[in-house]
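Visitor: One letter stands for each residue in the lines below.
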Amino acid sequence: MSFQKKLLAFAAVSALSAATAVPAMALENEFHGMFKFMGFQTNALQGGDAKVLASDDAHSGFFAEQRARIMYTAKANDNLKLVTHFELDTRFGGIKVTDGKGYKGTYNGNDSGNLDADALTLETKNVYLDFNCPITGANFKVGSQPWADAYQSLFLLADMTGVIATKKVDNFTGSLGWFRFDDNTAAIASTDTTNTGAGQYTADLIVVDGKYAINKDITVGATYYNIQNDTALTAATTTAPTVPVPNYELLHMIGLNADMKFGDAVVKPFAAYQFGEKNSTTDISAYMFGATGKVKVGPGSVNFAGYYLSGDNNNTGDVKSFQTVAASTTYFNASNMWLLQRPGQAINTSTSLLGNDNTAKGLGTAGVFAGYEGTMDKVFYNANVGYMTTSKKNAAGDKSIGTEINAQVGYKVYDNLSASVAGAYAFLGNYFDATAPDADNPYLVNVQLSYAF
Amino acid sequence: MRKMALLLAAGLSMLSSVPAFAQASADQKDECLLASRNCMNQVDDIKERIYKLNSEIKKGTRVYTPQELKKLKDKLKETSDVLRALENPDS
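Chains as they are written, first to last, in our numbering: chain A, 20 to 472; chain B, 72 to 162.
It cannot be assumed that every hint is accurate.
[To be verified] Here are the simulated DSS-like cross-link-like pairs (lysine-lysine), alpha carbons at most 25 Å apart as the crow flies:
| no. | chain 1 | residue 1 | chain 2 | residue 2 |
| --- | --- | --- | --- | --- |
| 1 | A | Lys100 | B | Lys148 |
| 2 | A | Lys380 | B | Lys123 |
| 3 | B | Lys118 | A | Lys397 |
| 4 | B | Lys144 | B | Lys118 |
| 5 | A | Lys187 | B | Lys142 |
| 6 | A | Lys418 | B | Lys148 |
| 7 | A | Lys315 | B | Lys118 |
| 8 | A | Lys315 | B | Lys148 |
| 9 | A | Lys235 | A | Lys297 |
| 10 | A | Lys287 | A | Lys187 |
| 11 | A | Lys315 | B | Lys142 |
[Unchecked claim] These stretches of chain A come out as covered by chain B in the derived footprint (C-beta under 8 Å, 3 or more residues):
| no. | stretch |
| --- | --- |
| 12 | 51–58 |
| 13 | 95–106 |
| 14 | 349–362 |
Hints in this document: simulated from the structure, not taken from any laboratory. Glycine included, every Cβ here is placed at the ideal spot set by N, Cα and C.
Required output: the full structure, derived from the provided sequences and hints.
Guide: Here you go:
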């Protein structure tokens, strides 16, 4: 073989080798997502955010809805990626054009469930950069991202714009974060000489979180959350919002939590105390505590959960009601309820008897929940019972919100596709007597197809 | 000329053998899960990824170093968080 031919052969083999090696070094495009279809036969759900009805002669009806979520991650390497997450919600048949109630993500009839579809339904949930800093060794997430508290989301779980840094040192994991979840500063009018620009009327959340793994079975955590709400602290009424969220000016929340495994049992207790300023004359002093757990029993496991949020039915003096940011950003999925609490499987219609307001407009609530879940080959099932009450009596002197029983049976059609049927029934308590004395007990039957990839 | 053909054949066989690297046997490390290497032809859905990560973690120190195991556990948490975000029931 001549030198030229050898060179040619070497070049050809090198090119082929390079061709095989390049994809491993290139950007990884990672797609994940989910699709859920849900059909409801119910006398209580209104579709969307509106709360579960407690009304006399409530009519039963059937409606269906769907949700798709698409997550695209552009991963340069294990230390750097951009995460994007989108959502598409639709009610079958669309929603009435003039319905001012809105349907999550779709307003004024802009719902592709309408005749001939074609509508804007794409929502942006997250867009954030996730990278490991080579200097500090900390992980940073910058941008619009999901964040959940360490208290089963009774305080806050939301997608928010912010920055959070997390660093692990041996068994300790610490996080420090800042989120700006509200900036109501109005755009500067051409004639406005008083407003100096964005960032004037804002609400911010500061997060300090520490977790320490004592051993492989026990982790303890401590947190400090701080909310500074300056959205209404101004005399410039032309630019300040009339209804700030949250409805307090300053909040400190300190708490402890743990994750403990004892043989076949897992228990997660938590407790927190809040203090701060409702406004310039009223202070806040509130607390919460609770626990969730799971114990393996037989072919499945027993789940239990409970919580208490302090309340106040006295309008004078300091406020003792547990504070959240907004009802729409609170959860207690460990309850496994469908009506008393928003269901953990919910999509577009994600609400409860109190409209997700576990503070019950300041009265506070408490709940105890238990259930059993298991699988048999491709069949899965669960049954649950729960009870909720307000922490303080309402104006009529009543507290009991109600008792719910529910059950679900499903089948795994494929590894990633499951079909299920669920039923839930709630016995209303006397809390509703003052506003709806003859209210029918709410119920629902749910059919569901769920695909995740 | 025959040598050149052999060289080319060797190169082609390398090309065709690459996807096989992605399969990790009981005593092999899964480089794709561990370090995002040799991920060609792999498109794991999220539940399969969680299943695979659990399987690799179960191999323990027989296959992985303690640091690598920690990395796999971190990835399992990260993937579980992604699934949780996808299924979060916000309205």
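Visitor: Now tell me if each hint is right for this structure.
Guide: Hint check:
{"no.": "1", "hint": "Lys100(A) / Lys148(B)", "result": "16 Å, holds"}
{"no.": "2", "hint": "Lys380(A) / Lys123(B)", "result": "46 Å, violated"}
{"no.": "3", "hint": "Lys118(B) / Lys397(A)", "result": "15 Å, holds"}
{"no.": "4", "hint": "Lys144(B) / Lys118(B)", "result": "15 Å, holds"}
{"no.": "5", "hint": "Lys187(A) / Lys142(B)", "result": "12 Å, holds"}
{"no.": "6", "hint": "Lys418(A) / Lys148(B)", "result": "40 Å, violated"}
{"no.": "7", "hint": "Lys315(A) / Lys118(B)", "result": "22 Å, holds"}
{"no.": "8", "hint": "Lys315(A) / Lys148(B)", "result": "22 Å, holds"}
{"no.": "9", "hint": "Lys235(A) / Lys297(A)", "result": "41 Å, violated"}
{"no.": "10", "hint": "Lys287(A) / Lys187(A)", "result": "21 Å, holds"}
{"no.": "11", "hint": "Lys315(A) / Lys142(B)", "result": "28 Å, violated"}
{"no.": "12", "hint": "51–58", "result": "holds (count 3)"}
{"no.": "13", "hint": "95–106", "result": "holds (count 3)"}
{"no.": "14", "hint": "349–362", "result": "holds (count 4)"}
Of the hints listed earlier, those the structure fails to meet are numbers 2, 6, 9 and 11, in rising order.
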